[in-house]
Amino acid sequence: MTHRLGLLLPEEARDRRDELIALCAQAFAGAPWHEPPLGVVRTVDRLLDSAARRPDFHAVAALGPDGELLGLAAGWTDTALSGADPAFELAELVVAPAHQGRGLGRSLHDALLVVAEAGPALLMTLDVPELTDRYARWGWTVLDRRRPARETRDYVVMSNP
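According to full-length UniProt numbering, the sequence shown is numbered sequentially starting from 1.
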């Protein structure tokens, strides 16, 4: 299936809320995330809240031939992961399961980092080889391991200089 990448403006992201929820529900239902439906809704609403209030919000969408959402990468500049110096935070990278394993995630990732502010980039993901190895292949290195409040799983913070 063919796709095209394009910037997704904050208002467009909000207009696609239901589509984003459906995409994330598909992508995060299985391993390694096993995210329940309410968790998916919270994830999307957190992302859209950030889109609404951050002037530095950036998102890149992969759209199918009929404009359907196949994937999304989004982030913003913050100090939440660094604890000090501002850095671009890759907050979400999601690809519909039917389109995984074909390089779409890497394309979204690379396109987002191109439009992000210059400087260091950080992300936080589950501390599982499936994810950490993928990001390592894409140039990321582990900076820290954490277990955020109210979480039962371990996470890593990774950097892409």
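Because the hints were derived from the structure by calculation, they are not lab data.
Careful, some of the hints might be misleading.
Unchecked claim - Quick list of simulated restraints, FRET-style, between CB atoms:
no. : residue 1 : residue 2 : range
1   : A98       : L7        : 18 to 26 Å
2   : D144      : A118      : 35 to 43 Å
3   : P37       : G119      : 32 to 40 Å
4   : R102      : G6        : 12 to 20 Å
Remember, predicted model here, so these are calculated numbers, not experimental data.
Glycine included, each C-beta is placed from N, C-alpha and C at the ideal position.
**Asked** Which hint numbers does the structure go against, in order from smallest to largest?
**Response** Hint check: 2 fails alone, others pass.
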